[in-house]
Structure formats: structure tokens, C-alpha cells
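Let the hints inform the model, and build the full structure from the sequences given.
Protein sequences appear in the order of chains S and H.
Heads up: the first sequence at position 375 corresponds to 375 in the working numbering, and the numbers run straight through without jumps.
Heads up: the second sequence at position 72 corresponds to 581 in the working numbering, and the numbers run straight through without jumps.
Simulated from the structure, these hints should not be mistaken for laboratory data.
Among these hints, one or two may not hold up.
Facing chain H, according to a computed beta carbon distance under 10 Å, are these residues of chain S, among others [what the hints assert, rightly or not]:
1) G17
2) D182
3) G197
4) N200
5) F241
6) P315
7) S320
8) T326
9) L331
10) I339
11) P442
Covered by chain H, per the in silico footprint, the following chain S stretches (three or more residues, Cβ under 8 Å) [to be verified]:
12) 402-412
13) 451-459
None of the values given here were measured: they were computed from a predicted structure.
Quick reminder that beta carbons are idealized off the backbone N, C-alpha and C, glycines included.
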Amino acid sequence: MEFLYYMGDVFTPINFGLLLLGTIGGLILGATPGLSPTMAVALLIPFTFQLEPQQGLILLGAAYTSTVAGGAVSAILLKIPGAPANIATTLDGHTMAMKGEGAKALQLSFIASAIGGVFGVLLLIFLTPVLAQWALAFGPSHLFWLAILGVTVIGTLDSSSVVKGLLSGCIGLWLATIGFDDIMGAQRFIFHPAVSGGINVIPALIGLFAIPQVITMFTKGRCSDDAEIISVQKHPIRLAFVEVFKRKTALAIGTITGSIIGLIPGVGGQIAGLVAYDQSKKFSKESEKFGTGHSEGVIAAESANNAMVGPSLVPLLTLSIPGSPTAAVLLGGLLIHGIFPGPDLFMNYPQVAWTFIDSMLIGQVLMCIFGLYIAGLAASVARVPHAVMAAIVLGLAVFGSYSVQNSIGDVYVMATLGLAMYFLERFGFSAAPLVLGLILGPIAEANFIQGSMIANATVGTGTYFFTGWLNWLLILIVLASITYSVWMEIMARRYTTKDDAVAKEEALS
Amino acid sequence: MKKWIAGAALALATMTGTAFADGHGDYPERPIMMMVSYGAGGATDFQARIVTMTAGNEDALGMPIAIVNRPGAGGRVGWNWFATEAEADGYTLGAYNIPHFVAQSIEGGVSYSSESFEPIANWGADPAVFVVGADSEFNSMEDVVNYAKENPGGLTFSGAGLFVGHHIAALQLEKAAGVKLAYIPNNAGGAGAMRAVIAGEVLGGVNNLSDAFRAQAAGNVKILGVFDLERNTEFLPDVPTMMEQGFDIDNASVNFRGVMVPKGTPQPIIDKLAATVPAMFENSRVQSRMAAGGSPMHIMTRDEVIAMWAARQETLEELLSGL
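Here you go:
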């Protein structure tokens, strides 16, 4: 219960002020496309040079928590995920916004985020020693199977058919091979210097989601120039709480999946939301409603991506190994004050460590309060006319892509992919599986190469990838996931008439 | 406008009595960018941020230095960009890692070599060390090599990538001990390589002294040897060098980090930077932060770095020709 002892430190004027600053700033940064949590934290590092260690960490921790949640704002209102963690939120969140339920979707997402986030931090507080062992359990072979599990999700994710989903996933996997390969340093498909570093996920994400939106807005804007993008109905916060607690399955699946995936070094929050979304879709009684603006989709995705925040710090705080890029930046923030994270951290610097963790707990609550306030403002965002909105989004898209590494090449990549996606969407392909392919490709590839190098030096490839309970558990989940998808596809075909299929196709385009 | 600035600069230069005929007298007049070819949070990034934090002081450059990360493929992405696209105007600096970029240029497939860059100053030297898990049966390099002799090609050990300092150290060990080893490059850099050792995925690993020192303090690893000419008295006085353990290995794998500019940067700017930057590294605030973070410093001037680059080029060409 040591964490309660240091709880008071969070509420000293300076600490609490920094916590507020980090939370509000984080929400704004998170809502800006292109400013991922890692970047937001990296931007704040220089400010922590001047602060006390615990103050600096409070600022960074608050920013980390709220940028992850803030990404939901643009994901829901504009269908542009603020960071890879929010991709799954667009699937139901934006469809809800299209139906006029934007405020409701935002409220749900912030409440679910806070619940997931608090659960994740509580795991960090109570189960750190156990979780540290779990974080080490995932070797190259397990990460490879985990990535393959992600690939099985691709087919069923937000496309008009499994085949189209798989096709766009394959395009994503191919895009992931562009550039220098991470292990051997071989050059692949580099036709232009802009892609010599590979396709960066953030510019790709912005281009694939934002540009088709922008083009659509411009084309609509010409027909009726006073048209609002979306109407937003008012939604009482009380009902949002009722709704979240009614959807217990989605909330539980999201929170637990997010916590487990957040723990695994190297996979992180990028796929936590998507895996949680897919799992809750499969377990839900109303799985056919997913993708049509169903509240469970938003709840699962957002609770997962915030639940991942706490556990993702476990490898850093106990083993001194940063498990994610954001954790690596936080490590820098600790080292600069001469604090070495490790098992002794809580003994040597209890005040720093516990205040940091406590502030993340309080930060979740603050994030929820400010988030709900932002949800109330959503209506005014929606009143902006199409043409103006399109210009703003385009500006943000260029800014976001450029700022990742100050590179105009990334802007070209963003624009090219976006333009291509506009036409692909016309044919019923969608962006989410494509980005998932782009994210999973390098994880699967690098871990396969590493695994097979270790295997060749020791036990042989077959034995390495197919022994051990964790490998088999993951293989079984992969098989179950494929079987389920195939089964659903066959069932859907059996009961779908040609007219239904045509109607569905027309509704999409 | 440009003429006006040049004129003003000239006037200023004559006023202060230092006559820079080509108008670089008041460099720098805007913030400077420094490219780091590794991700935010990595050792190079972390150290680059510390050593440049006092750049805005009046006794240093008088303008802040902003760090921009261009990570990818063991640094190749960033250095390729730096050699081909970065503007040689003095406002684009880069961080170098020796032996990484020299080894990569010898290996080929990149558009840079040591000819593409002009060194300014060196700030740190991080030797490679050999680590094994805390509960490993190996207690000295001799144990490691004996195991490798019994299982040729079966001793798996991790490192940050191919053609980086850790890989060079691995090649040197193979050559000096006359054994075949299985070097497993990690895609997640030094942190990923360290994780593989702690998790027992590999039997050992080559890693940075600074990171290994932290992991040892956390009780996760044992450090068996340093790939350097002398022991590190500051952080690891008890760990013997490879030479002491009977392996003929020099300091070719030591990771030197410093600042450089692209070839073609005006000479007056290079001179100005070469004069100010080493002094900036000497700043007591920089020194204390680096010591607190467990990062060994090693300040070298431009002339010393030029000599060091040339020496590394020769050693690495010889070492890598055997591949």
C-alpha cells in the first residue's frame, strides 16, 4: 500500500499543476494527427531538464496517458487516428459520428479509456514482479506467432469482403518491405530517396485515413456550400456511463487484451486496440453490428489502448529495458537525473517512482474529466463547413507528416498513399487492414529472421518455432481465429442473396 | 535580402575586428538542427540531447541545437540522408557513430563514406562489453570460448545489428579466439539485444558498457570482459579487458560518438564549430548529467577525430576483408 503513502505528493501545487498541464497538453497533442505519444513525450523531455526528477516524470507520465486517449478525438470526428493506437477507434467511432452520435462516441471513448487506464496502472502497482517475468517470456518465436495472429485479423477487419480485406493487408505487408531491411541492411524497392528509410507508419497512417476524407469533403463541398460535415446530437454524460457499464464484455476484453499486449516488449499499443476490437467482435452477441457505429467497438478499442499504458512500463521499471519507443524516451528522462530504473528503483527512489505511478492514476481521472468536456465541444467542430474543414485537415496532415522527422519526403509518401487509398476505397478496400499489414510486417519478418538464426545455431527451425506451451497456445489461437473467420464467411454467404450483396456494396461506395 | 544580411555580417565582422571575408562572421544566427540516426531514447539520442543542451549559452554557440531523429537500418537511413540531402550551410549538424558508419560504408550499399563528412568534435566513447545472464554458467571469457570450441557455431549471442560496433567486437572475438560463433543481430537495437540476454533467448551478448553497467546494477547480467585497450576505471574497474584474458583484441569496436557536418560546409563555419563545440562538451552541467546517466565521456578535438577516423578506416578494412 506504499503507493497510497505517496499519493499526497501528487497534490502539491507544483506537481498538480504539472499534472494538469501534461494532461491538457497531451489531449491537444494527441488529437493532432501525427503527434504520436512517443513524439509528445520526446518534445517535453527538454523541459524536464530544469525540473525535479519526480516533477519531470509527472509531466511525462501525464502526457503519455492523455496523448493515447486524445488520439480518439480526431479518430472519431475526422476518421484520422491520432496515433496507430487509435486505428480501431475509427472503425465504429467515426461511423457513430456520421450517425450524429459523435458526442456519445467521444464520451464512451474517454470513459472506457479511463477505466482501462486505471486498471493498467493498478496492474503496474500490484503485479509488477509477476508481470516482469511475463514480459520476458515472449521471445522471437512467440512474437512471430503473435504477429501472425494479427495477420489473421486483417481479413475480417472493416472491408466489404474477406478477400478484399486480405488484399489490402497484403498491400500493407508489401509496403512494409520498402527501404532497408532492419536486420541485414539490404535495400528493397527503393525507387525514390523519400522511401529509403522505409514507409514510416505515422505519415502512412495520416495519408491513408485523412486524404480520402479530404477529397470526399472537397467534392461534397461544391454541391452545397453550407453543408455541415456531421450533425452532433447532445448526449448526457450519465447515459454514457450507463452505456459503458452495460457493455461489460467489450470493456473486460478490451482492458485485459490491452494489458497483456502492452506488456510484450516491441509490440506495444499499436496493435492492442485492433486485437481487442477483433476479439470483442468475435465474443459479442451482436457481432454483425460492429463497423456500423456500435458502441462496443469504441469501448473495446479505447479501453485496450489505455490499459496498455501501465503494463508497457513494467519492463522499463523492473528490468531497465524500455519495452516501447515511448518507454525509451521516459528512460532518458530518468537517466538525465541519474536515476537508474531497475528492481531497486522502488527502494532507492520510492518518492520518485511512486509519485510517478500515482500521478498516472490521477492523470487517468483528470484525462476523463477534460475529455468529457471536450466531447461537449464536439458539436462546434462539426459546424465547420466542408471546404474549410477539408483545408484544415489537409494542413494538419502535411504538418503531422512533416514533423515526424522534419522530412518533406514523408509528406510525399503521405500524399501518394492517400491518393491511392481514395481510389481503393471506391472499390471497397479499407485503410485499417492496410495499416495493420504495414505495422505487422516488420514484427513478423524481423522476429522470424532472428528466431531462425537462433534456431539454426541451436535446435533447428522446426523445433524452435513449434515447441513450448506459449508457442502452441498462440498457434491454437491463430487456428481458432482463422476457423472462426472462414465459418462466419460461409454462414454469411449462405444467407446473403445477390440483392443484399449489391445493396451492401452500394452503401459502402 | 541575402546581400543585406551578408553586408550586415561584413560590417559586424569588421567592427569586432575579426575579418571574415565571406560573411560567416555572425554564424549562427538561427537555431541549429542536429540529426541523430537512431531513435528517440536510444543511447546516442540521449547523449546527444545532453551534450547539446548548453548550446544556447553565450559562451557556446549562442543558439540552441534541436535534435531530429532519423532512425532506421542501424543508422544507414540517417547517414544516407545526411550525406546526400542535408544542406551544407552549418545549420545541419549530424551525430556520428564510429565504427558503425565506416564499417557500413566498407560493406557497401550506402551512399556515404568517411569522405562524405567533416568531423567537428567527439564527445563520448562507449566500449562494447560481453554480457551473460545473471544465472549463466559462464564466469569468464575462457568459459565462453571453451563452450564455443565444444559447440562450433552453437554459441548464440546478441548485438545491436550488423556492421555496428557490437558486430565488429563479435568478429574480433571470433578471429582472436579462433572459434565460430552465432552472432544474432537484434532489430530493436541495444535494448532489444540486452532483453534477449536477460530473457535467456541467447547465451550471451555484446552490449554498450553504459547499458550493461545499468543492467548489472539491476542484478540482471554479469559482465565478463571489455573490448577496449584499458579497463574502465570509472564504471567497471573490476572487469578485465579481452587482452588481459588472452585475446588479441584492440579498441576497434569502441563506439565513439561525436558531431559532424556534411562535406562542403564553409571552412569558416567548420573552424568556428571546431573551436566552440569541444568547450561546450566541457561544460560542468553537461559533465555531471553524463556521469549521472552512466555515459562515459571522451572529448576529442577535430584534428584528433580526423586521425581517429583514418585509423579506424584502415583497421576495419582489414578486419572486414576477411568476410
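Hints versus structure:
A cut of 10 Å between beta carbons decides the hint on G17/S: the least distance to chain H is about 24 Å, and the hint is violated. Interface hint status for D182/S: upheld, as the beta-carbon distance to the closest one in chain H is roughly 4 Å, under 10 Å. Annotation: G197/S was flagged as interfacial toward chain H, and the flag holds, the nearest CB pair being 4 Å apart, inside 10 Å. Given the 10 Å rule on beta carbons, the hint for N200/S holds: about 9 Å separates it from the nearest Cβ of chain H.
Evaluation of the F241/S hint against chain H yields a violated restraint, the C-beta minimum of about 37 Å exceeding 10 Å. Interface hint at P315/S: satisfied, since its Cβ lies 7 Å from the closest Cβ of chain H, which is below the 10 Å cut-off. The criterion of a C-beta within 10 Å of any C-beta in chain H is met by S320/S, whose closest approach is roughly 5 Å, and the hint holds. Below 10 Å, beta-carbon pairs count as interface contacts, and T326/S has one with chain H at about 8 Å; its hint therefore holds.
For L331/S, the suggested interface contact is upheld, since its CB lies about 6 Å from the closest CB of chain H, less than 10 Å. With a cut of 10 Å, the hint placing I339/S at the interface with chain H holds, because the nearest CB-to-CB distance is about 8 Å. The criterion of a C-beta within 10 Å of any C-beta in chain H is met by P442/S, whose closest approach is roughly 7 Å, and the hint holds. A stretch counts as covered by a chain when three or more of its residues have a beta carbon under 8 Å from one of that chain; for the region 402-412 of chain S and chain H the count is 3, and the coverage holds.
Counting residues of the region 451-459 of chain S whose CB lies closer than 8 Å to any CB of chain H gives 5, which reaches the minimum of 3, so the coverage claim holds.
In summary, the structure is inconsistent with hints 1 and 5 from the numbered list given earlier, while agreeing with the others.
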